[in-house]
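Let's have the full structure, built from the sequences with the hints guiding it.
Protein chains: 2
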Amino acid sequence: MSSARNQPKQPKRFLGRYSEPLPTNNLNEEEDDFPEFEPFEDDATPRGVAPSGGSLSVQNVDMLQQRNKPKHFTSEFDIENLVVRRGQEFMMQVTFNRPLADDDDFQVEFLIGSNPTASKGSLVVVTFGTRAAGPWPGQILEHQGESVILGITPTASAIVGKFRTYVAIVEGGGMQRTKRDTSTDLYLLFNAWCAEDAVFLADNSERSEYVLNEHGVIYRGSLGSVINRDWVYGQFEKGVLDACIYILDASRMPIYDRGDIIKIVRKGSAMINSQDDSGVLVGNWSEDYSMGQSPTSWTGSVRILLQYANTGVPISYAQCWVYAGVFNTFLRALGIPSRVVTTFNSAHDNTGNLKTDLIFKEDGTPDERNTRDSIWNYHCWNEVWIARQDLPAGFGGWQVVDATPQETSDGLFRCGPSSVKAIKEGLLCHQYDAGFVFAEVNSDLVFHKRDRYGTLTPYRVETDHIGLAVYTKALSGSGHVDVISNYKYPEGSAQDKATMARAEEYGCERDHSETPDSQLTVSVKAEPVLLGQDVSLQVNFTNRGQTVRTIKAHLAGSIVFYTGVTSSRFKDHNFTVTVPGEQSESWDQVMGPGHGTRSCDQVMGPGHGTRSWDQEYSPHLGSQVSLSFIVTGKSDDDSVTAIKVLNLLTPKLTVKLHGDYQVQHMMYVNVSFTNPFSFALENVYLAMEGPGMISYRTRYYR
Amino acid sequence: MSSARNQPKQPKRFLGRYSEPLPTNNLNEEEDDFPEFEPFEDDATPRGVAPSGGSLSVQNVDMLQQRNKPKHFTSEFDIENLVVRRGQEFMMQVTFNRPLADDDDFQVEFLIGSNPTASKGSLVVVTFGTRAAGPWPGQILEHQGESVILGITPTASAIVGKFRTYVAIVEGGGMQRTKRDTSTDLYLLFNAWCAEDAVFLADNSERSEYVLNEHGVIYRGSLGSVINRDWVYGQFEKGVLDACIYILDASRMPIYDRGDIIKIVRKGSAMINSQDDSGVLVGNWSEDYSMGQSPTSWTGSVRILLQYANTGVPISYAQCWVYAGVFNTFLRALGIPSRVVTTFNSAHDNTGNLKTDLIFKEDGTPDERNTRDSIWNYHCWNEVWIARQDLPAGFGGWQVVDATPQETSDGLFRCGPSSVKAIKEGLLCHQYDAGFVFAEVNSDLVFHKRDRYGTLTPYRVETDHIGLAVYTKALSGSGHVDVISNYKYPEGSAQDKATMARAEEYGCERDHSETPDSQLTVSVKAEPVLLGQDVSLQVNFTNRGQTVRTIKAHLAGSIVFYTGVTSSRFKDHNFTVTVPGEQSESWDQVMGPGHGTRSCDQVMGPGHGTRSWDQEYSPHLGSQVSLSFIVTGKSDDDSVTAIKVLNLLTPKLTVKLHGDYQVQHMMYVNVSFTNPFSFALENVYLAMEGPGMISYRTRYYR
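Chains A and F are the protein sequences, given in the same order.
Heads up: the first sequence at position 253 corresponds to 299 in the numbering used here, and the numbers run straight through without jumps.
Heads up: the second sequence at position 501 corresponds to 547 in the numbering used here, and the numbers run straight through without jumps.
Treat each hint with caution, since some may be false.
The list treats identical chains as one, so a pair stands whether inside a single copy or across any two.
Unchecked claim - Simulated crosslink set (DSS-like; lysine-lysine; CA at most 30 Å straight-line):
| # | residue 1 | residue 2 |
| --- | --- | --- |
| 1 | 702 | 208 |
| 2 | 680 | 534 |
| 3 | 467 | 309 |
| 4 | 543 | 117 |
| 5 | 309 | 534 |
| 6 | 470 | 309 |
What the hints contain is simulated information worked out from the structure, not anything from laboratory work.
So this is what it looks like as structure tokens:
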């Protein structure tokens with residue numbers, strides 16, 4: 047009987063399912079990769095037979111950081127180890143105890159994760175002669191006495207992460223290996239400079255911006271009152287690359303999958319938010335940030351990533367621009383070309399169809415109880431540049447990925463990659479989440495009247511309200527470019543109609559109700575003003591008919607979150623306007639910031655008391671400063687509606703450097719700020735950060 | 047100042063993000079849908095003005111179960127409420143206090159989930175005259191004195207689940223509603239009989255099998271020794287439909303999404319396993335089931351589903367056929383045509399490419415440490431019949447969904463729906479998880495030799511080992527049909543090559559190594575035998591060359607789990623075979639079940655002791671009874687390998703009914719069983735179940 051002779055050692059929980067647990071840990075892998083001397087199982091050579099030049103041994107291994115980094119565009123990384131990009135040769139210097147002889151045989155081995163294996167690419171053997179080895183070509187570039195300079199080219203689809211490096215000499219009936227030396231660990235990244243890599247980006251200035259730039263601008267607010275927010279991505283800062291690899295480890299992503307750009311970015315979009323997987327950032331759209339830090343107080347990604355990697359605990363709190371900013375750091379650190387974009391008037395459609403349904407009561411007031419959809423004033427996501435080998439030809443290039451948790455994206459808190467080109471063509475069959483992203487930029491706004499029986503009747507469809515613009519930072523300077531034409535054909539064009547028809551074929555539902563062709567139109571205008579100043583509202587009714595019309599109108603004014611959700615209604619006002627045939631008529635309102643200097647009805651101030659400003663302002667204004675005005679008008683059977691969202695501008699900080707500024711010398715910075723209010727500010731925090739200069743710090747002013 | 051006048055009531059955690067929490071609960075929704083009398087906000091009618099026939103009120107609402115159920119094929123449901131299928135008219139009878147007059151106005155309302163809303167389809171208003179209402183058409187079919195018979199047709203895309211029913215009379219300046227009455231609750235299902243429904247299946251015998259049959263057969267074992275396992279789906283059993291809706295509630299799936307067949311089946315594949323989401327079944331591929339019930343001991347789905355719905359705690363334990371069986375019940379209960387299929391030799395490829403890498407040491411023994419992939423002897427999944435509106439035309443029909451947790455499926459424990467037609471064509475760009483399923487049936491088997499330097503050299507590629515057959519129960523009787531031709535073109539055909547090329551275009555990696563063209567071949571044959579009988583193994587070497595060859599051969603015999611993972615190696619045997627030119631040579635082995643009646647070297651018994659059989663059998667045989675034999679042969683530079691997996695057959699139970707069997711009378715069942723061993727069995731459990739007759743029970747024999 048010979049049963050159970052060779053029973054393999056197996057952790058109990060994997061028994062029968064896997065032969066070994068799938069490796070999912072890069073940073074904290076096992077350290078005992080090899081015995082220092084590994085005898086050949088099959089070897090018949092007597093031990094101790096040395097090659098002709100005498101026994102060979104390794105004296106030193108040098109990863110040649112100064113020579114490699116400029117060629118791999120990795121000089122900026124503040125890290126002790128060599129960082130290179132895949133698909134491109136790097137050099138290393140091995141110094142032996144004597145010059146190499148012809149019959150010497152050695153190899154270099156790169157290992158990642160536990161139990162590395164050649165068939166899965168987590169163990170790579172590189173040889174420098176005729177002996178067969180793994181997929182990374184090796185060559186001896188130079189002999190320098192006892193040293194050789196080796197050239198090694200990782201494949202363009204290699205696993206990305208931190209490899210352990212060994213040099214092994216074949217001698218004495220076995221393999222004599224170098225000891226584990228963490229200083230020779232090698233970081234391998236995606237390579238936008240390599241034509242064979244799925245992230246290849248041909249243009250040099252684009253690579254400089256989308257892979258190498260540590261600074262960015264994220265756009266917020268609403269179109270017409272856009273707010274620029276500087277953001278420090280800091281992908282080269284000390285600890286950040288390790289933190290990004292830690293995120294993949296924390297997600298338990300198999301090491302074997304980490305060369306696949308699609309899987310990496312999809313996993314990233316899941317892991318940057320804390321839902322499902324205890325990922326990086328906890329969302330909070332309330333006004334209560336007392337258990338963490340307010341989303342508006344972050345100045346960059348570095349502190350968030352380092353704290354997450356140090357504690358393993360999700361960081362509080364984020365809203366969309368924080369998710370997008372941190373995700374961008376993750377992507378650029380790993381070498382993936384990426385940018386943050388901001389879509390203005392982004393539909394958040396809970397059923398993922400092409401209708402954003404706004405419901406009004408019969409008297410013209412917004413029916414908030416029955417309105418489920420919302421329009422985000424703006425929404426930030428990321429674009430990554432990927433050749434999509436998993437899709438038919440033509441869908442490579444920019445891809446949407448979104449880390450902000452939006453519950454309807456395939457039932458999980460992640461989104462993308464979704465080809466921008468597929469979205470433009472309405473080809474929603476192309477994974478991932480194309481239908482969801484398409485709705486965000488293309489939904490129709492459907493205005494319904496809800497009658498007393500609970501029945502909805504659509505009375506107006508606006509096809510040009512959603513997806514007004516998509517801003518991203520320009521390649522040069524800090525200005526923006528609008529890339530909406532990547533996402534959409536011009537509204538109403540033949541191509542636009544074909545796109546919408548295709549989207550419907552793929553299951554996106556649209557509203558095709560016949561809505562009455564009204565002779566009345568209404569518009570609302572308001573110029574952006576600074577917080578604390580008067581808001582002027584101009585409502586304009588136009589009568590295209592022949593006869594005079596008397597319009598019963600209603601103005602609803604609300605403070606809204608940037609997600610379009612109402613925080614508080616502060617104004618409900620009925621008025622009547624008479625418009626002669628073929629004429630227009632305006633109705634104006636001026637609203638001050640409070641303090642009651644005008645008549646009660648004409649003045650709509652932000653209200654009373656907020657933590658960060660003072661006791662006079664509305665608790666509902668909070669850190670989000672959007673006002674939404676909805677005007678409805680009714681005359682006979684005609685109903686018209688207009689919506690205007692206004693972002694109050696916040697005062698700007700002015701930063702001035704003074705004195706001489708020299709390397710290694712103190713520099714003086716003067717920060718000034720004009721209080722727009724007629725009262726004094728208390729409890730003010732100033733936050734500052736300069737990558738490579740000063741780390742994040744705050745200062746408190748009473 | 048008018049601030050904060052209309053501040054909406056909102057749970058704090060949703061503030062700013064949603065106007066209200068997304069409803070995700072069907073079974074335990076709020077009960078206070080409406081006030082019993084809801085005055086019109088805008089009404090000017092003086093209260094108490096009755097219609098011409100006097101005040102109208104509802105006396106009774108009857109859902110007409112006996113008339114509706116046969117037409118909707120729902121008579122079998124053991125449930126107190128009416129169950130109907132969408133896209134098809136059903137009837138209900140409303141009895142008033144008097145016959146209806148012409149100016150009476152009433153409506154029927156169907157509600158699902160909390161805060162139902164018309165724009166999302168969770169509140170449906172049905173009217174019976176000219177007044178506009180929701181999307182479900184209504185008509186009065188019959189007037190019978192004070193009663194009317196109403197005909198109502200839910201749309202073919204309506205939300206599926208349990209609706210609350212109200213009748214409202216418009217009178218007295220408001221709506222007078224019936225009270226909540228759970229007996230009028232209505233279950234709405236998918237409808238395979240309705241051409242507009244995405245699950246439409248034209249053939250009547252297919253609908254009878256795939257929607258209505260409560261019994262099935264699941265195939266296990268290996269091709270040549272297939273084991274039929276009866277399975278009781280029991281989708282109509284008491285409590286099962288509610289349990290299936292409970293699963294969707296437990297997943298927190300938004301009510302609004304529950305009319306979408308794609309989302310429902312994808313969510314189901316995630317929820318039937320416990321990973322990620324505390325779903326129904328805990329997997330266990332070890333041999334230790336002491337914390338639950340052994341996967342082989344289940345006879346059907348009912349007990350599992352009821353226990354999960356009652357406790358909310360995942361049930362222990364499952365392997366693939368249990369997942370597939372329970373998932374099938376879930377699908378059929380909701381009205382989705384579905385079947386369980388079994389794929390023989392299914393690749394489980396940890397990197398999702400088209401290579402299943404088997405690694406051998408230089409001496410020919412399997413290198414289990416470095417082999418990461420495994421071939422499941424069989425793997426069960428489900429097919430659902432869906433028109434895929436989300437894909438281009440041509441990919442409707444059967445779709446793979448798989449609830450067995452396989453970690454590489456898009457990083458999550460769910461899989462599909464994946465179009466079988468897309469898999470056949472290699473069009474892996476079509477969501478969901480097509481590449482993963484494609485690899486399961488199409489991987490190439492690549493045999494590598496691992497040299498002493500750790501380098502792998504492929505020496506043989508077998509393209510016809512994986513995906514041998516796909517069995518499912520035939521429409522009539524309990525026999526099987528092989529539907530492999532739905533998944534694959536014939537091996538080696540021009541279409542097969544085109545399919546493989548397409549799959550590679552979409553990123554599936556194949557091995558194109560030049561492997562030596564060997565003049566030697568080897569095969570292993572063994573006839574299936576009953577557990578406890580002798581196993582005869584015949585190894586055959588063929589020499590196609592001219593010269594005599596001496597082959598150094600190795601036989602490795604292992605007990606393997608059905609997942610292909612080795613439990614224990616019980617045999618490592620070296621032998622030499624000499625084969626003359628252009629001839630074949632056989633080498634035979636006979637292995638008995640133990641007890642040492644033959645010479646030690648010739649006898650490979652299953653070993654010593656197992657819980658469920660007796661003290662003599664191997665602890666490693668356990669509940670899975672597969673033997674794997676691998677023969678490698680080496681002659682000069684030629685290497686050949688053959689693999690044979692043999693499933694030992696377990697003894698059959700014979701069930702005989704005797705006496706007369708009449709409705710409402712006791713029935714006698716005789717169960718017999720022949721012990722194949724030469725020793726007595728102890729601690730035997732017999733499990734039995736008969737849907738609609740007897741619920742699951744076990745009997746213990748010492």
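Structure-based check of each hint:
Taking identical chains as interchangeable, the C-alpha atoms of residue 702 and residue 208 are never at most 30 Å apart, the minima being 41 Å within one chain and 65 Å between chains. When the C-alpha separation of residue 680 and residue 534 is checked against a cutoff of 30 Å, the pair qualifies neither within a copy, at 33 Å, nor between copies, at 63 Å. Within a single copy, residue 467 and residue 309 get their C-alpha atoms as close as 20 Å, and across copies as close as 25 Å, so both meet the 30 Å cut-off. Within a single copy, residue 543 and residue 117 get their C-alpha atoms no closer than 48 Å, and across copies no closer than 42 Å, so neither meets the 30 Å cut-off.
Both within a single protomer and between protomers do residue 309 and residue 534 lie at most 30 Å apart by alpha-carbon distance, with minima of 27 Å and 27 Å respectively. In this assembly of identical chains, the alpha carbons of residue 470 and residue 309 lie at most 30 Å apart whether taken from the same copy (23 Å) or from different copies (24 Å).
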